[in-house]
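These are the residues of each chain, in order.
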Amino acid sequence: MTPAEVACEAQFRVGQERDRARVWLVQVVGLAFVWGYIWLVIDPRLIYDAFGIYLPYPECPLDAAFVRETCSRPGGPVDYVSALLSQGFYFPVLGSFVVAAVSGLLCLATNRLFFDMGWEGGWLLGLAPAVGIVAMYRTYQHPLAPLLALAACLWMTAVFQKLPTGIGGFVRVGRAVVFLVACVGLYWLAGTVCVLFGLLVGVWMACVKRRWLAAAAAVAASAVTPWLIGTRWYYMTATEAYCVIWPFGPGSWSDMEPLPLAILQGLFLFPLAMVGILGLRNLLPQGLQNRLTAFAWWRRPILGTVTSLATLALALWLVHVIVRAPHREVRFKMVHFARMREWEEVLQAARQLRSSGHDYFSQHLVNRALFHTRQLGDGMFAFSQDPSSLLLLSGDVPHAPPKFWMLSEIAWELGDLNLAEQWAFERLEAVGECPDALELLALISLRKGQTLTPSVLEQDLLASSRQTARMFLRRMRKNLLHRRHAEALLEAIERMPLKGSMWPGNGLPGLRCEDRTFQTCSEELMLENLLAANPGNQMAFEYLMAYYLLSRRPDRLVQHLPRVKDFGYREIPRHYEEAILIHGAGTATEPTIPGLSIRPETAQRFQRFAARFQASRNQPWLAAADLAEEFGDSYFYYHVFGVSGVGRAR
Amino acid sequence: MIRWVLFLGLGFAALAGAWWLVGWGGATRGDLALEAMSAVARPPRIEPDYAGTVIPPNIAPLNFRVEEPGEEFWVRIHADQGEPIEITSRSGVIQIPPRTWRQLLELNRGGQLAFQVCVRDSEGQWVRFEPLESTIAAADIDRYLCYRLIRPIYIVRVNVAIYQRDVETFEESVVVNNQSFGRGGGCVNCHAFAPGHPQQMILHSRGSGDLADLNGMIVVHQGRVKKIDTRKQIREPAFRRGRLTKSLAGYVAWHPNGRLAAFAAGEMMQFFHAVGENRDVFDGESDLALYHVDSDTVTTVPQISRVDRVETFPAWSPEGKYLYFCSTDPVPKDRFREVRYDLMRIRYDPDSDQWGEVEPLLLAKETGKSIVEPRVSPDGRWLLFCMCEYGEFPPFQPSSDLYLMDLATRDYRRLEINSPQSESWHSWSSNGRWIVFASKRRDGIFARLYFSYIDEQGRAHKPVLLPQKDPTFYDRFLKTYNVPELVPWPVPASERALVRAICGSADSSP
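If you're matching them up, the sequences are chains A and B in order. Positions 13 to 662 (the numbering used here) are the ones given, in order, by the first sequence. Positions 62 to 571 (the numbering used here) are the ones given, in order, by the second sequence.
Everything labelled a hint here was simulated from the structure, so no lab data went into it. The structure presented is a predicted model; accordingly, all values stated were derived computationally and were not measured. Keep in mind that a hint or two might mislead.
To be verified - Negatives, chain B to chain A, calculated, CB over 10 Å:
{"id": "1", "residue": "Ala97"}
{"id": "2", "residue": "Glu147"}
{"id": "3", "residue": "Glu194"}
{"id": "4", "residue": "Val336"}
What the hints assert, rightly or not - Now the stretches of chain A that chain B is said to cover, found in silico as 3 or more residues with beta-carbon under 8 Å:
{"id": "5", "stretch": "118-127"}
{"id": "6", "stretch": "240-253"}
{"id": "7", "stretch": "474-485"}
For glycine and all other residues, C-beta sits at the position ideal for the given N, C-alpha and C.
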């Protein structure tokens, strides 16, 4: 080789190295951006706190029996790993790293496939999955299991394509056996993605290896694998067998809103589509292929790097701007702050929702936050309200994970132990063994034990209630993140005297002592019973008054009004005043509470409302629009029109 | 160099293996004779408490946890015959090797089994406790135990399954799981086996709303699995009585001839209490009928389907000449605390299909309690039943206890094995020497299964908790057991066949 040739060769190598470094730089920067974006903009903690409420609960106790059981079904290993990684979302920095790492796995695998199809310049497009993942998380979805399944499929394909090739029959048979084992193994490991694996291998076989028969066989084998293994080995129905961690068809991963579902489906189809296109390109004459490859104009070192980064930034910026799920984001925030018991922040988040954006569950959290900030009687109609949302006991509220969580929590706070126990158990059954449900059940057991009066027999029952509490806490101890808390509670039980008084549940209002039975619980009866059992139960009182307000029964509210003084109110809450005025206008009476009177501004406001309403009485919808601006946050408006939280109140 | 590393690595591995096999603690304790240890004048606390129990000779190892403080634990299980079993543990969890356990029990049927427990404290001193003793019964218990595992369910049913456990090992398998329906719900319950007919069983499937098509009685008979809607199998107008045309079949009892099964058709409803035990059940109306397997028809007689009585819980005597059941006067739901069932029986001749008159056996007005869930022993001598404060669903009644009646004298008594919590869902083993029952004695919420030996005199001996491989299993298992049934043979149908029948349409051909 001449010195010139050597120099040329060296220069070429340097260029290659520089290209490779540039590719890595852009990829690392891109993934770092994904990490930062998920961490700082999405906040994985919001996702963690929505587990078991708005998102499926990723159950992964450190329990060999559970691991065995999970791994005994197709897709179980990926489900377990996904659940384990999801625990990292408790720490935002770790959760976002998990997302970035999975994005990296997908991008690298996609690049690998492009490379194997003979397209070295496709690395920037290989970052598309990362953008898709950011878009998914932007809509507050958590499709970690399907993403891991997809990554497993792509890497399995990449590894399979690296297996030694040969013309000998032995190698061919060997590859076929390896393919079948990989297909079955992938079905067990990650579910229906084995079909995608077969398709990818099929395209590669056909377009790169030009082995059409083998390609057809690979596709056919992968297509029948779920049916064969799923229905014959795991006793699943054919539909179930084809829907394991798969976003197409009726499986659980298809149960999300259209936009994130479309993105997820796009992520699954993207590698196949690209490999298909590249495969078709490979079938073109060599000259045309070269001309297409030469289109990689961004190979210029600096310009290419800048352009690549800019393209990536633009894609992410477009995702940030276009893909949004504002209602979902606010609901996630409300749940997060409610769990943190930061009630002002719950209200602040709720104010970001339009009246139409509220549902039973957000309204319920608003009322709970209003009570804890002592504003329920003054501010509830500044928000959208529905009578069913107060306690979620109505049949209108669907049995859904948010209901199980919210109802068990509110019943516990109100002091209705049996109701709290019922809904916490419903949560265990429907959602899984969430640590907060286990803790609540432990506290309920202890509290129930403490309400017993001492006798020989009841000492036994008391001991058994402690035993029950221990069981729940021991189960909770199996949770990676809540282990220490469970151990602390277990120690507290051991230290607690048999008739202890220092348990956290003792801060709760007095409990019911009179039994009554019901098939469907009524809000009024429940709250009245709680008040009868403990006249000092302020939460029951305020919720009862709120119930009368929401059900537009000011007469019943007025009957309970004298109790206001028992709870140390210095003035009558505004909505109670408004209800008194409405009741007074209807009955020509004015109830009085010694020492408390209706504020003049409320009375004047009522006069104004009545006058304006009378003026446009014949056109109620016009009146509603006219009065919303000034009175949209008042009980007057809600009582007449049945809506609230409109107009200036927003 | 590499060879040296390999050599040292293998050496360490061999040492570690030897340490694991022999057990470090065993070696240290071996230096000290039992007599030289300081003695504690009481037996050790172990969990589950197997001390003083009578155990089946074919039971799986009774693994346990020593509940004494210590750094190291050594247990010696011995009997008159055979090699003793010695186990060392650092955690206090004692897992007994199955093969030697089986040999020891087999050699000592009818004899005593002793558990000597020694503990090394934090100062390195070994102490020995007084030995715990159990009796090994001469009679085997039926090998298979079929039960349902559920959460303490209220409204939502996500995972409801019937399981089969081999009590000689720790192997548990699914008989049928509602998740296998692929429909996101449904329920399976009330499995019943035909004594002496290994190829027969019945269970029920339930669904409401969109899942209503799952409803039916699943009959396994002569290798065929079919779904029956008993409401549609009544051919004669005379048999269209009471609830039979309206309600699905519930509690079932196979006749010993295996050709017919008695069942209750009622309208049970769940309701809730504001304080105390959360759930309760009320059955306002219920009637009994017979399902004839060969003809796929349902018949009844007025004596067991009276309009003015609520009849339920059918149970046959072992020779099949009597049908035992419980009945009460109907009352409105709000008077549920007044519901008390009487124990009745009626003579039946299966050959001529002739019925006698209803004969009261034990009346609630005599006992002041509700008498439910009668089960006759396979020798026909004893009748085991529950009595509780009121109602027909003892699992939700902490007052529910087990009682045994001598059918020859009609004397009955409360069994010594009861606890302050609910005891219910009892079943006899085929030799009549063992019963299994569900008890909430550990915590008041979750029912666990216990075996008790019933001797010739009808005495029930201290029960044995269904053993698990991990003795801490029940400490954190948040499901409740119900309807345990002891059977000498495995379930005669695969899950696949059962699911296919449940998801298929009901068989209405005559």
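To see whether the hints hold, each was checked on the structure:
1. Against the 10 Å criterion, Ala97 of chain B stays outside the reach of chain A, whose nearest CB is about 34 Å from its own CB.
2. Taking the minimum C-beta to C-beta distance to chain A, about 25 Å, the non-interface status of Glu147 of chain B holds against the 10 Å cut.
3. Once the 10 Å rule is applied to beta carbons, Glu194 of chain B is consistent with being away from chain A; the minimum gap is 25 Å.
4. Its closest Cβ contact with chain A, about 5 Å, brings Val336 of chain B to no more than 10 Å, contrary to its assignment away from the interface.
5. Given a C-beta distance limit of less than 8 Å, the hint that chain B covers the stretch 118-127 of chain A is violated, as 0 residues qualify and 3 are needed.
6. For the stretch 240-253 of chain A, the stated coverage by chain B holds: 5 residues have a C-beta nearer than 8 Å to a C-beta of that chain, and at least 3 were required.
7. Counting residues of the stretch 474-485 of chain A whose beta carbon lies closer than 8 Å to any beta carbon of chain B gives 7, which reaches the threshold of three, so the coverage claim holds.
The structure fails hints 4 and 5 (numbered hints given earlier, in ascending order).
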